[in-house]
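So you can see what is in the structure, the chains are spelled out below.
Number of protein chains: 2
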Amino acid sequence: MKDFDTVFDKVAIIGLGLIGSSLTRAISDKKLANQVLGFDGSEVVRAEARGIEGFGADVTETLEEAVSNADLIIMAVPVGAVGSLAQELCPHLKDGAILSDVGSVKKSIIDTVVPHLPETCHFVPGHPVAGTEYSGPKAGFSTLFEGRWCILTPIENTPRLEVEKVSNLWAGLGSDVEEMDAEHHDIVLAITSHIPHLIAYNIVGTAADLEEVTSSEVIKYSAGGFRDFTRIAASDPVMWRDVFMNNKEAVLEMLGRFTEDLTQLQRHIRRGDGQALEDLFTRTREIRRSIIEAGQATE
Amino acid sequence: MKDFDTVFDKVAIIGLGLIGSSLTRAISDKKLANQVLGFDGSEVVRAEARGIEGFGADVTETLEEAVSNADLIIMAVPVGAVGSLAQELCPHLKDGAILSDVGSVKKSIIDTVVPHLPETCHFVPGHPVAGTEYSGPKAGFSTLFEGRWCILTPIENTPRLEVEKVSNLWAGLGSDVEEMDAEHHDIVLAITSHIPHLIAYNIVGTAADLEEVTSSEVIKYSAGGFRDFTRIAASDPVMWRDVFMNNKEAVLEMLGRFTEDLTQLQRHIRRGDGQALEDLFTRTREIRRSIIEAGQATE
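First to last, the protein sequences are chains A and B.
Quick note on my numbering: the first sequence kicks off at 1 and runs consecutively.
Quick note on my numbering: the second sequence kicks off at 1 and runs consecutively.
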């Protein structure tokens, strides 16, 4: 039980992919709930999850079984599936239950969940900034959230106590918890996560389509930098499709800034302005150092 | 001496940064030359190199000392410095000496080196596709080239024997060696290395300049994808400035393709075409698998 009180009696995790299955393992390992229940809409995933040793959750056969007695329900499905999941599960929530999620986009999720929420329940939107390029229940691991940030974007008028219960859970999982409003979250993540993924997907696509350079050459010489982009561009296609569809405004805004800067860089190259290039490349080196100092990357 | 013959009696490495100092260590460790000589234009770097245990080279006080008796001279300086270095060292080359380099751009290097080359010597341009984001003589290590590709772009009429001597050295360092023409090299590397660096530098610059998002937020939430770009954008500023200044044509061409594709992706997002996004994101995932299978990345 470490130095945290049991925050919840029963926690239900809905969606048993990378994030959901990391949650079942971590909550169970760290004994942050008396019981962890898990459910996934796919029968194949449920069967797979049941076969995993140390999975940490009782996998139920129906959504209702998982949800109806839970004190905390965390929806760990792609952003585009959260709305219909909320609609389906909300009628089964018990009085006082807290609903939460792990989506990489917050404003559209709040808009789609709140209309379904019973008056006696609270929705505390969350986003653990953690992940890998792998998917599915086998990809999860209990230390995924350690030393990573979890952002909560509480809705107006949610009692502090409810927010703090969710916050304590994430702290118990080893995360640093931060609160901000949903709109700001969506802008911050557009630049730190969504645009990096978009341009990684894009360059891998560009490279694959070239006529002058064969795929085999792209693969062979990928250690020159390309390789690092392919890791990101191997992330879950449906999850990322939904992120871009549901954070359209912030993504397009940040993409505009990126393209504007890239056009200037292109001009520097065309005109042979080496000093401008060197200045930028020196500045960006500093940021890497700050990230290492902040413990968000290792040397 | 492993299963390679001593390819060279004396090898001189000029420029003792990450690549040069990895070469001195590796050639010495693998006993691929009877003597390794090292020189760097910076007195500070020479002193630093002399203080490193296992550095693998006798660091000379002048360029002439390092070069004049060497059978193979490898220039490991930024692309933009190769021309003036070749001009300075060529008069000291002994008859039959082979000159080589490690630059990430090949056509402009050939154009700048060949006019200085004595008739009795041969220039065999090379490019090990390996590196890290660190610089300087302390950053080097002897296994840097193992399992990586080294591309040679031989000039017309160079005797096969001379090319093979250089090829054998790289094979002895653990690299797979490939030959192609310089122009093709510059296109292949533009997409697999130069453009990935350019867009990494660019997005890190964009993120640093935003008013809506603080630097501290960018750093905190970098684990969402941005972090991986900062590693690449921490690469040596002068080296990379020179790459873009000297591979202008191929870089601008490939940047044009990248931007074209990005514009289309932007349109898919704006129009809400989720299927087009999902299709691309699924396709790019396959390429990652191929890179892992080819041993150029680990899971």
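Hints are supplied without guarantee of correctness; some may be wrong.
[Said to hold, decoys possible] Derived pair list, reagent style EDC-like, types lysine to aspartate or glutamate, alpha-carbon separation capped at 20 Å: (1) K248(B) to D181(A); (2) K248(A) to D273(B); (3) K248(B) to E293(A); (4) K248(A) to D279(B); (5) K107(B) to E212(A); (6) K248(B) to E61(A); (7) K248(A) to D261(B); (8) K248(B) to E212(A).
I should point out that these hints are in silico values taken from the structure, not numbers from a laboratory.
Quiz item: Which of the listed hints are not met by the structure?
Solution: 1, 3 and 6
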